Amino acid sequence: MEQFALWDLIVNILVGAMIAATPLVLAATGELVAERAGVLNLGVEGMMVVGAIAGFSAVIATGSAALALLAAVVAGSAMALLFAVLALTLRANQVASGLALTMFGLGLSALWGQGYSGLSAPAFPRLSVAGLGDLPVVGKLVFGHDLLVYLSLALVAAVAWALARTRLGLVVRAVGENHDAAYTLGYPVIAVRYLATLVGGAMAGLGGAYLSLVQTPLWVERMTAGRGWIALALVVFAAWRPWRALAGAYLFGGITVLQLHSQALGLKVDAQLLAMLPYLATIAVLVAVSREGVRLRLNAPACLGKPFYATA
Amino acid sequence: MGRPLLELEGITKDFPGVRANDGVTLTVGRREIHALLGENGAGKSTLVKIVYGLMRADGGAMRLDREPYAPARPSEARAHGIAMVCQHFSLFEGLTVAENIALGLGRAGAGLSRRIAAVSSNYGLKLDPGRLVGTLSAGERQRVEVVRCLLEEPKLLIMDEPTSVLTPQEIEALFATLRRLASEGCSILYISHKLEEIRTLCGRATILRAGKVVESCDPRQETARSLAEMMIGTTLAPPWRENGAGPADSKVRLRVSSLRLASDRQFGVGLDDISFEVRAGEILGIAGVAGNGQAELMRALTGERLPAAPGAIAVDGIPVGGSGPEVRRELGMCFVPEERLGQASVADMTLWENAALTGLPRMGLSRLGFLDVRKARAFAGNIVSSYGVHVRGLDGAARSLSGGNLQKFVVGREMLQAPSVLIAAQPTWGVDAGAAAAIHQALLSLAQAGAAVLVISQDLDELFAIAGRIAVISNGRLTPAKPVEVLTAHEIGLSMGGHPSADVVDAPEVAHA
Amino acid sequence: MPRLEARPQPSRLMFYATPLIAILFTLAAGGVLFALLKKPPLEALALIFIRPLTSVRGLAELTVKAAPLILIAIGLAAGFRAGVWNIGAEGQYTVGALAGGSLALAVYPVTGWWLLPLMSLAGIIGGAAWAAIPALLRSRFNANEILVSLMLNYVAVFLLGSLVHGPLRDPDGLNFPESRLFQTALPLIVPGTRAHVGFVVALIAALVAWVLMEWHLLGFQIKVLGQAPGAARFAGFSEPRLVWLCFLVSGGCAGLAGLFEATGPVGQLVPALPAGYGFTGIIVAFLGRLHPAGIVLAGLLMALTYIGGETAQISMSLPSAATAVFQGMFLFFLLASDLLVNYRVRWRSHTQPAPAGHTVPDMALPRSTSAQPSAQPGE
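Protein chains in written order, with this note's numbering: chain A, 1 to 312; chain B, 1001 to 1513; chain C, 2001 to 2379.
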C-alpha cells in the first residue's frame, strides 16, 4: 500500500511537471522560430499574457475551447505584429521594442481582464481513448493529458522537422544567419522575419491560453509571472534546438512542481523562498550554458537582434 | 565580338547627394570576358546590382538577347540566365556547403549532392558538401560560390572583385576556369580595379569614372599605365622612396617574440608562435589572405586582447604584452585598424569626438578627468587641414564622410600623434587612388622620420610599393621576413597558400583541364 | 508609397522632437481607447493630464511619484547609453528598501539625525549589491544581463515577501505581513503634503549625471561603448569596468529610490512596495532620450499618468490598468517615431529605398558607392 502511494506521488509529479511545462514549451518553441530568423523578441511575456486573457474571455463568451485557442493565437499574433512593425519595418531597437511589448501587454491584459476575475473556465477537453487512460502509470502519464499537451508536442516536432528538413526552414535559418546574403540571393528577408515573428506570437498566445484555460482555469492579472522570460532563457539553454527546448521546459516544469509538492515530500521551507526556485534555476542555467561562450555562439543565429537594411 | 548578349543603354542611378551611374552604355558579347574597370566609388558595383536585380535603375534601358530586360529581383535575373559571384554578403557561415548551394538555386533540386559532385569534378573545383562554410578558407568559399553559379548553367556570369582574397596561385586557377567557361559559351562580366588581371584575362574593357563610361577598349592592346590613366583621369606618381629596405643597423623599435593567442571568435584563426621585429626607419609588410590570423594579430598588437606572456610584445625594449591600448599609446604605439567605422571611429559621433577617441593619452585632451573640448577640436582641425580631409565642419558625424576621407582622417589622427611605432591594417582598402597615394606617402615619410611601421595588407601591390621587407601570415603562422628585392609574387603566393596545401596542387590540374 | 531615405547623419531636431510626437500620438490613441471604454475622451484626457496640475496637492503628489521614477531612470540611462541592459531596477529598488529598512528595524527604537543618512547608504549599497549579480554574471560568465536582472526582480519580490512574513514582521501588529512603522521619516519639502526630499535628491542626481555624461571622460567612454563596442575596445576603454560601473550606479540609484519610497510615503516595509517603478523607469529613460534634463521632464509626465489615472479611476471609474496601457503606448510611439531621427520620409514614388543605415553608411555617400565594406569573410 505504501509502495502504491509513492508511485502515485511520482506519477502525479511527472504529470504536474508536464502541465507546468507546456506553456513554456509552446512559448519557447515559438520564440525559437523567431530567433532562428534573427528576430530577438523580448515581448514573449506580453504576448503570453494577452493570449491568456484572449483565450479566457473567448471561452467565457462562447464556451468553446477551440474558439478560445483561436482567440489566443490571433491575440498573440496581433501582439507580435505590433512588434514586427516596430522592429522590422520601422527599424526600432529590438530590445527596447520587446520591453515595450511586454509592458504594453501587461497593461492591456489587465484592462481587458477587468470583468473576468472570479470567473472560472470550463474544463478543457482531454484525450480519451477507451480503456487506455485507466492503465496503471502509463495511462495517466501517456494517455491522460489534455489535448494541448499533445498539440504542444506535435508543434515541437513540426518545428524541428521544418527547420531541419524543409526549404522554408532552410530559408529561415539563412535569414537568421546572414540577412545580407539572403537578400542578395533574392530572399524576402523582412517577410520571412515577419512570418517567424508571427509564429512566435501565435505560440506564445497559445502558451498563455494554456495557463488561463487549463493550468489554473481562471484569469488573474499578470498570471504569466515571468514565464515569458523563462521561455526566452530556455531558447538560449536549448542552443536554438527545438528538442532541447522541450527537454529544458520539462526540467523547469519539474522544478516548479517539486516546489508545489514539497509539503507532501516533507520539506519544511518557506513558500516564498520556494517560489524563487524557478527564477534562480533560470539564472543558474543561463550561467551554466553561457560559460561555454564559444560553443554557444556557434549555435546562435549570427544576425540575432541585428536590424536589417536593404543595402546590397 | 559576335552577337551581343547584354546591352545597357544610358543607365542612370541616383543616391541622395550623388549620381552613382550616369548614362552608362555598354555591350557584352557572347563568349566574351568583359572587364568593368574603375576605382573604388566609380559605380561598378551599383551597375552590376542593377543588372542582377538588386537595385533598379532610375533611367535607361537594358536588353538581354535583344529582348527588353528589367529584373525586379535577383530570382528574375537568375531565371534569365544571369548568375553573380559577389565578393561579400553571399555565404552563410553557419550552414553547410550543400545548404549554401541549395539556397542559391531557387528551387530544391533532387539529387543536389550528385550534381554538386559532377560540376566540381568537371571543373576541378574540389568541395566537401557536408562542411560548414565558416570552416573554409577564402579560396574554398569562392569555389562554393562558383559551383553554385555553374549549377544554374548561366549565360552571363558576373564576378565582382573576385580576386581580392585569393593567392596568386588561386587566381591562376580561377582564370583557367573562367576561360573554359567562356569557351563553352558563357559570357563573363568581370569587375576589378586590378589592371594586370584585366590585361591577362579580358578581351574587352569598359572603364567607369565617377559613374560615367570614359573609355571602352581592348585591354590587351593597352599598358597598365594607360589603363590606370583612363581609370583615374590623371597620372599618379608612384610613391617616392629613398631605398627599398630600412637601415639594417638601426635600433629595433617593435619586437614580437613567440606570440601565441587563441582566437575568441567563431571560425577565427589563432596566432601560433609569431615572431618578428621592426626597426626604426623601416616598413615591414605582412601579406596574407584574409582570415589567416591578421585580425587576431592586430588585436594582440593594439592590446585589445592580451597574450599570455607580457614579454611577447616589446616597444623600444619595454614589454607591453600585458598592457592595454592606452598604455601602449603612451609608449608611442599608434594604430590604423582595418574597420574604419565601428573600430577606428564611432559612426554617429562628431569628428572632434572621434579625434579624442585615440588622441586622449598622447595629446593631452583631458583635464581633471573632463574632456577638453577646445583642445580636442583643435586636434581634429589640425588633422582635417594637414591631411586634406573634405568635411563640412568638425561637428559632422564620422559616417557622413566618404570612405576615403574617413580613412585619411583616421590615418592623420594616428600620424599627428608622432608615433614611434605605427601599425596599419589594410590602410588603403576601399579608398580611391588619390587618397591611397597620399596615405602611402605619409607612411613612407613617417618611417623616414625614424618610426617603425608595420603594414598588414592583402594587397601585394601595396606592400611591394612601400615595404622594405615582407613576411607572410598563413593559418596563424608567420614566415620569416625577406627584403622585397629578393621576393617574387609567386613565392609569396606559395607562402600565402601555406606551402604544400591542396590549393596549390590543384592549380596546374585546373590549368590543364 | 512613402520611401525611407537615410540621412547622412542623425537629425538633432528630430532627436528632440520625436518624444513630443510620441506624446501627441499617445494622447490621440488614448482618446480612442477612452472612446472604446465608453468614456468621453477629451474629458478623460483633461482629467488625467491637466486636473492634477491645478492643485497644490496634485503638484505635490506629482513630485512624490516622479522622485523614484527620475532617480531610477537617471541610473538606467547611464547603462542604456553603454548598451548595458539592466532590466532589474524593480528588484534593486526592492532590495534597497529592504536593506535600509532592515537597518532601521534592527536598531529600533533608537533614532537620531544619523539614522536617515545611514539608511540611505544602506539602500544604495543594497541596490548596488543586487545589481552586482548580473554585472558579475555578465562580465565573468558572459550570461545575458537582461534575463538575469529580470529574474532577480521576481527573486527580490519573494525575498521581501518572505522577510515581512517572517523576521521583519511587526511584533506588535495584528499578524499582517508588514513591518513596524519606521522610527524616522523623510523630511517633507511642502508641509501638509507628501512631497519629500527624495524629489530634491532626484534633481541633484540629474544635475550630477548631466555633468558627468556630457563632459566627463566616463560619459564619453560610456557613449563610445554603447555606440561602437569595437571602437571602445580599440580605444582601450575597459568594457568590464564600464559594465560594472553602469550596474552599480543604476542599482544604487534604484536602491535609494526604494528606500525613499519606504521611508517616505509608505513608512514601513510591505509586500506591495515594488509597484512597477522599476519598469516605468525604463520608459522614462527612453522618453527622456537618456538625457538627464529629458528624464526629469519624462519622469514628471509619467508621474502625471499615475496621478491622473488615480483621479480618473475615482471620478470616472476608469480602470487603473489604463495607466499601464498609456505608459506602454508612450514607449511604442517613441520607438516608432525614432525612425525619423535617422531617416527622411519621401513621398515621391520613384525614389528607391536609400542604401544606407548604421551598418553601411558609406553607401549613401559620394564616391564610395562601390566601396568595399572592410569586413572580410573568414574573420
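These are computed hints drawn from the structure, not numbers from a lab. Owing to the predicted nature of the structure, the values given are computational and were not obtained by experimental measurement. For each residue, glycine too, the CB sits at the ideal point set by N, CA and C. Hints may contain errors.
[Stated by the list, open to error] Where chain A lies over chain B, by a calculated footprint (3+ residues, C-beta under 8 Å):
no., segment
1, 1064–1075
2, 1092–1103
[What the hints assert, rightly or not] One-sided and incomplete, this derived list gives chain B residues near chain C with beta-carbon spacing under 8 Å:
no., residue
3, 1004
4, 1012
5, 1016
6, 1250
7, 1325
8, 1337
9, 1344
10, 1370
11, 1394
12, 1438
13, 1441
Cross-check of the supplied hints:
With a threshold of 8 Å between beta carbons, the proposed coverage of the segment 1064–1075 of chain B by chain A holds, since 3 of its residues qualify and at least three are required. Look at the segment 1092–1103 of chain B against chain A: 7 of its residues bring a Cβ nearer than 8 Å to a Cβ of that chain, three or more, so the hint holds. The criterion of a C-beta within 8 Å of any C-beta in chain C is not met by residue 1004 of chain B, whose closest approach is roughly 24 Å, and the hint is violated. Among the interface hints, the one on residue 1012 of chain B is violated; its C-beta lies about 12 Å from the nearest C-beta in chain C, farther than the 8 Å criterion.
For residue 1016 of chain B, the suggested interface contact is upheld, since its CB lies about 6 Å from the closest CB of chain C, less than 8 Å. Of the supplied interface hints, the one on residue 1250 of chain B is violated, with its beta-carbon coming no nearer than about 29 Å to a beta-carbon of chain C, more than 8 Å. Hint status for residue 1325 of chain B relative to chain C: holds, with the closest Cβ pair at about 3 Å, below 8 Å. With a cut of 8 Å, the hint placing residue 1337 of chain B at the interface with chain C holds, because the nearest CB-to-CB distance is about 6 Å.
The restraint placing residue 1344 of chain B at the interface with chain C holds, with a minimum CB-CB distance near 7 Å, inside the 8 Å limit. Taken as an interface hint, residue 1370 of chain B checks out: its beta carbon lies about 5 Å from the nearest beta carbon of chain C, inside 8 Å. A distance limit of 8 Å between C-beta atoms decides the matter here; for residue 1394 of chain B the minimum to chain C is near 13 Å, and the interface restraint is violated. Nearest Cβ of chain C to the Cβ of residue 1438 of chain B: about 15 Å, over the 8 Å cut. The hint is violated.
Contact between residue 1441 of chain B and chain C, as hinted, is not supported at the beta carbon level, the nearest pair being about 20 Å apart and thus beyond 8 Å.
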